[in-house]
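Participant: In order, the protein sequence lines correspond to chains A and B.
For the first sequence, my numbering begins at 1 and goes up steadily by one.
For the second sequence, my numbering begins at 1001 and goes up steadily by one.
I should point out that these hints are in silico values taken from the structure, not numbers from a laboratory.
C-beta: ideal position from N, C-alpha, C; glycine also.
Be aware that a few hints might be false.
Mimicking DSS-like on lysine-lysine, the simulated pairs with C-alpha atoms at most 30 Å apart in a straight line are [what the hints assert, rightly or not]:
| id | chain 1 | residue 1 | chain 2 | residue 2 |
| --- | --- | --- | --- | --- |
| 1 | B | Lys1298 | A | Lys229 |
| 2 | A | Lys229 | B | Lys1306 |
| 3 | A | Lys192 | A | Lys204 |
| 4 | B | Lys1233 | A | Lys229 |
| 5 | B | Lys1232 | A | Lys229 |
Pair ranges (Cβ atoms, derived) [claimed, not checked]:
| id | chain 1 | residue 1 | chain 2 | residue 2 | range |
| --- | --- | --- | --- | --- | --- |
| 6 | A | Ile202 | B | Gln1197 | 36 to 42 Å |
| 7 | B | Gln1197 | A | Asp88 | 40 to 46 Å |
| 8 | A | Gly190 | B | Lys1306 | 35 to 41 Å |
| 9 | B | Phe1317 | A | Thr107 | 54 to 60 Å |
| 10 | A | Gly151 | B | Phe1317 | 49 to 55 Å |
| 11 | A | Ala108 | B | Gln1197 | 31 to 37 Å |
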Amino acid sequence: MKIAVCLKQVPSTSAPLQLDAATRWVREAETAFETNAADNNAVEAALALRDQLGGEVIVVSLGPERATEALREALAKGADRALHLVSDQAPGLDPATVAGLLAGALTAENCDLVLCGLQSDDQGHGQTGALLAEKLGWPLASIAAALEVDGAGKARVKRELEGGWYQWLELSCPCLVTIQAGINKPRYAGMKGMLAAKKKPIAKTPVTDYPGGQTRQAMDELYFPHKTKQTRMLEGSPEDVAGQLVAALNLRARP
Amino acid sequence: MSGGILVIVEGAGEGGNAGISRASLETVAYAQSLGGPLKLILPGAASPAQADALAALAVDEVLLADFAYPAGGVAGYDGDGYVAVLAEAIQRLAPDQVFLAHSYGARDFAPRLAARLNLTLVSDCIGQEGQGDAVAYLRQVFLGRAQARVKVAGAGPRLVSVQAGVARLEDLRRGAAPAPVSRSTLAMPAAPRVVAQAPIREGERSVDLSQARIIVAVGRGIKTQENIALAKKLADLLGAELAASRAVCDEGWLPIERQVGSSGQTVAPALYIAIGISGAVQHLVGMKTSETIVAINKDANAPIFKVADYGIVGDLFQVVPALIAALEGA
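Chain B on its own, in the form it takes in the complex (with noise of 0.2 Å):
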């Protein structure tokens, strides 16, 4: 079968073997959206609950696409393994249209494989307007700050990575009975390149902000680093995980995994609260896609009031405090 929709999929948590990621999810309910019949790809070896997780989606096939060098030793993801398996199953399926989230992964293994196969990668799209050859991909520019309706020239798949947040998780539809999983192995030519140690995380326990529901957010209107536990109080009485500005990691004041933004992480929660934060586009651009937006800031000319959708203007160490009562009240 040709045409349809093919959709990477990547595995969640460290090792990319704890469920499906979020975002890879969210791309799946883009690509439903669509239409048309739609197949997924795992690259990477898949535990039986991931196969079991993307076979009960409303999808047409599930194909597993290991890899295996000549001497064993990768576990987990290797970005020459994914192209490899990717540009053989694209080849092989010829689909109209390609979609994967664009995670950190993809962007390490997606411009290869575009690369690769001799088509161009649309990287980090929030939407697509028109149909067949006619097809636009709508993308952020300028950190946000403008749009580009993108056109693409040439035969061959459409190959497109999707921004998170784009579709929601709750659009994810599932299937009436379970979709056909099939699994394959490629062996590998030569000894892996890149040696891949154990993934590590540093300082305190980090989080992943983007599975978060609720985020809390601090930026320099915070002042110091012991006003931090102002937020955070507000945060834990919301069952919300904490982030920050660029600002305040710079600064110290929170780990750098908590920085939300173009050099920090792509957030799109149930509900952001800004709390003394400006605007800057480097930080919008990392959360301006969450559901609600909630801004509490002095200067009411503040751009994050340009994205909130309740905004208020006054003095933090008045309002953050108020809102604890509140809650605490209620």
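Only chain A is shown next, with the shape it has when bound in the complex (with noise of 0.2 Å):
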């Protein structure tokens, strides 16, 4: 079994955020990136798929240079070997173009399977995966909360429904899944596994040809949204402020 993990490498979520309104992005220079959350619950979904079915697991990433480390990280968790599609330009590029960039790269590789995470923390287009499937021409499962695959290339996957129903789908590889962020628990890289990563391959290719030329969405103006709410904080005893929220909402017990 052949499987690709597509990972973005995205500005800490935990982080104080630095806009630059100049360039529609994070400053770069002063902001802590992290690989993004459902891209390592995908990154660890096809590690336990490789361990329980033997093969490779690639990992891929478009970003500018700094994206090496989130490579260097999956590589140092399990992951086999990275291709690193490296380019300054991609915080700015639109879905559409981001996928046909991986698809590219992915084409060459024959892999039975593909795994994204379902969205980013960043710009959470939640487009990436899908429009990877429709680019590479093949059958997708979205928003998976388990994948089970067989050593004969039968996938199934539990999607993940509105209003906490769920469905298993069944399809054959290649096909593409897209993970729900926390479905499993990503393991950790041992210093075992960060010192084989050193010696493990990234294949650097610089982007220098962009899919359909222009990108056809782009930020206009990124900026903190004003508060648009008051607050209205009640204060008193307990029993006050549970008077007073009862009065304000005219809240009832329900007959």
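Two chains, two frames, some hints: make the complex.
Facilitator: What follows is the structure, given as structure tokens:
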């Protein structure tokens, strides 16, 4: 089983955002980056399948030079090799352009399965995986809460539906699956893994041609939203604040 | 007729045939608020009740666009079927803008629809500014911590998915007379590539939080599984659904179906009472469009207060029992 996982480095979700109005992105030099959460779950899902079925896990990222760190981390967890499409333009590319570049890199790999995180914690388009499936001409199973693949290349995916419902999907490899955040506990890279990762190959390809020419969708302005809400703080004893809240919202016990 | 707006509507319920999804109806209300010619399209097999529900809205036309595989066998949602019928309709109708709810289904079929039509999809929008080619769409980025104005280049319809809660169901307008309804069935060229089993629910009776009018949500501040009963009592008194932050679901204190946030559900009830929830961005993104938000937290600096309409800084183990007593006494 040859599995590729697409991953993206995003600004740390726990650190303050440093926006750059001119570049319509974060101030790179002052920003800590981390692997996108759902992509970490996708890496774990791929490693678990490889542990079960054998084969190879390739991690792929389109991003500036810094994205090598995210690939190295995945290699330390056990991925076999990495492809880095190096582009300083990456944060400004629309999802279709990103998917086109990833498709270009993956077509030659002849993978059985490609996994993507459902959405990124930075721009949050939630499109790249589905677009990549279309560009590869493969069937898609999206929002996977569980994933099973057998040795014959039959995949079963538990797809999350609205309102707490799920549905098992059956499809054949090659196929693409988008992984919901939090579906597994990503393993840690041990010291041994980190040492081993130093010897694993990261193939770097500078991106020079962007499919489709200009990006079709771009941020025209990036800003912190104004707080429109006035928060009314209720003060007093617990009984006082409870009474104030019940009165303010006209709360009633259900008959 | 070209121009105008086309709204892609999805069915509600696990099989997609029990009414129209609330998020889709909100999206219709959003489109109505913009004005101009408006058509609706419901992909898949529509029930007579669904057809009637859509025809009753103030729209110009309702299209029910089914698809059929050579050997049959697909009931309900099928991504390839949706993409095929929607691509055909959008090419034929050539609307200026196509809107759909940013649902789980939309995340499956909408990007592929965009790729099929060589259009760009602006996903999870919260509004728009300007007219015609100069229109800019507003999106939340960085898990709702910042906002972006997005411009689209190139020709063709603007394809836009709209976040739940951006428009209000109360603003949905009904028509004076039923809108004309047409049915079509597109023949799919090959066998289905994805075979879906019947939808399932797991564990205890779970709920569609997006349909709730009132939600009582608990976070890490509730401390133990036993204490959930306190929030449950408040929820029951108010006729509210119980929900939770990720921390509570990860602990297994409530099932993941009740999780609100970026890896759970997005909700916009009339009233959201956050108890012991600090308000990590991953949670806020799932509830901040609620009509009225009440936050009860011991930490005055908790980010939840930034989105709250009413804030109570205090010990939830004193405030919530007082609230229950006040309701029982009222």
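Participant: Please go over all the hints and tell whether each is borne out by the structure.
Facilitator: Here is how each hint holds up against the structure:
no. : hint                                : result
1   : B:Lys1298 with A:Lys229             : 21 Å, holds
2   : A:Lys229 with B:Lys1306             : 8 Å, holds
3   : A:Lys192 with A:Lys204              : 24 Å, holds
4   : B:Lys1233 with A:Lys229             : 29 Å, holds
5   : B:Lys1232 with A:Lys229             : 28 Å, holds
6   : A:Ile202 with B:Gln1197: 36 to 42 Å : 40 Å, holds
7   : B:Gln1197 with A:Asp88: 40 to 46 Å  : 45 Å, holds
8   : A:Gly190 with B:Lys1306: 35 to 41 Å : 39 Å, holds
9   : B:Phe1317 with A:Thr107: 54 to 60 Å : 59 Å, holds
10  : A:Gly151 with B:Phe1317: 49 to 55 Å : 54 Å, holds
11  : A:Ala108 with B:Gln1197: 31 to 37 Å : 34 Å, holds
Violated hints: none; the structure is consistent with every hint.
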